Amino acid sequence: MAKLSESASQTAGPYVHIGCVPEFAGLERGYHSQLGTSLRADLTGDPITVRGRIIDGMGDPVLDGLVEIWQPDGAGTFHTNGKGFGRAPSHAETGEFVIETVMPGAAIDQNGTLQSPHLALWIVARGINVGLHTRAYFSDNVADDDPILSMIEPTRRTTLIAQKGSNGYQLDIHLQGENETVFFDV
Amino acid sequence: MSKLTDIAPRDFSLHPPRIAPDYRSSLSRGPIHKPIGFATTMTEATGPTFGHDVLGPNDHDLLINHAVDGGSAIGPRIMVHGVLRDADGRPVPNALIEVWQANAGGRYRHKKDAYLAPLDPNFGGCGRVITGEDGSYSFRTVQPGAYPWPNGGNDWRPAHIHFSVFGMAFSQRLITQMYFEGDPHIALCPIAQSIPDAAAIDRLTARLDMEATVPMDIRAFRFDIVLRGRGATLFENQLEGT
Ligand SMILES: [Fe+3]
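Top line first, the protein sequences correspond to chains C and E.
The numbering of the first sequence is our numbering, which starts it at 525 and goes up by one.
The numbering of the second sequence is our numbering, which starts it at 134 and goes up by one.
Everything labelled a hint here was simulated from the structure, so no lab data went into it.
There's no promise every hint is true.
[Stated by the list, open to error] With a straight-line Cα cutoff of 35 Å, these simulated DSBU-like cross-link-like pairs (lysine-lysine) come out:
id, chain 1, residue 1, chain 2, residue 2
1, C, K527, E, K245
2, E, K245, E, K167
3, C, K607, C, K527
4, C, K527, E, K167
5, C, K607, C, K688
6, E, K167, C, K688
7, C, K607, E, K245
8, C, K527, E, K244
Keep in mind the model is a prediction, meaning the values are calculated, not measured.
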């Protein structure tokens, strides 16, 4: 089979919400079904909420970003038909995104090794030229020998761990700066 | 049971760098650290797929999907079509493609877009399709207008349509933009020119397709899309098809 070159990525731009979450963007005649809004309803497992903001290199919250989520259900099983896929737009004034979902079960890696429960996150926004892959782990649910976290120097590992608090889990994504989030080439 | 496959490493030389100084927004939003690679796990080898039930009857027709009372959007009527493949040349079937764009005057239906060009009451600017068994897709719309944007100079975006593409694996996820052949703004645009490879920019440029153009009705543009390739079969039985 012929080898082709992957199409080049381009920024999602400031109006990504028109295409991906049109009701959120204020399109009054949107789609009859909006994707990525029913993580918790579609998956069995314990309900959790993850809140955060995307922070740029100036320390300012990104107000036009979009976080996509991909995860298995509470038993660690991945599904089809959009189950396990979520979208969390940045709030236009505060920048906060809110992920209402269930605690994912442990998924295996390529060697069959159990990985600590995590959400796969994909971040797009104006100024991001290629969508950024990262993960959210959970502060009360991380194994010391997790195969992916173990590859990362301890000082940066914390950027992937959502901290449990009274209001659910909290995880800010830093695009640059001292606490720059670990992004993956996957 | 579905077979899941390893994903070939991404060739970053085909893509814009994380920071492209002429595109000023990337200066504070592009990460400094190189991304960390690891062998594909279930998390990346799987990905969301969608059935045709998510689509409304006019989702693929931006000419009418926001129009009221039998109206139609104003502007040059075009049909965009092509084939979605992976880098191994295999068509990608049953893949969701979402598109969004400015109207024919270059204005987005978005409260933060205050460009002088008027909104078109019959144009929303978003649509979506699912590829066929042969990876093909098509949608109808109006040709978007060029628009000015704040980047420090007299910057105008070439006419473009934004594309969001789902493959079979989450690591194939791609957002890009389609340009139109012959547009002089492509060579002047800091976003298009952030792609270091001229051939890669050319591959984002749709071609007028007179063969698919419908006489006295609508012009066709051809735009093929390529996602990352897949390697050897990795997992055979951990995906539940429900
Ligand atoms: Fe645009």
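Hint by hint, which ones does this structure get wrong, listed from lowest number up?
Checked against the structure, the hints that fail are numbers 1 and 8, while the rest are satisfied.
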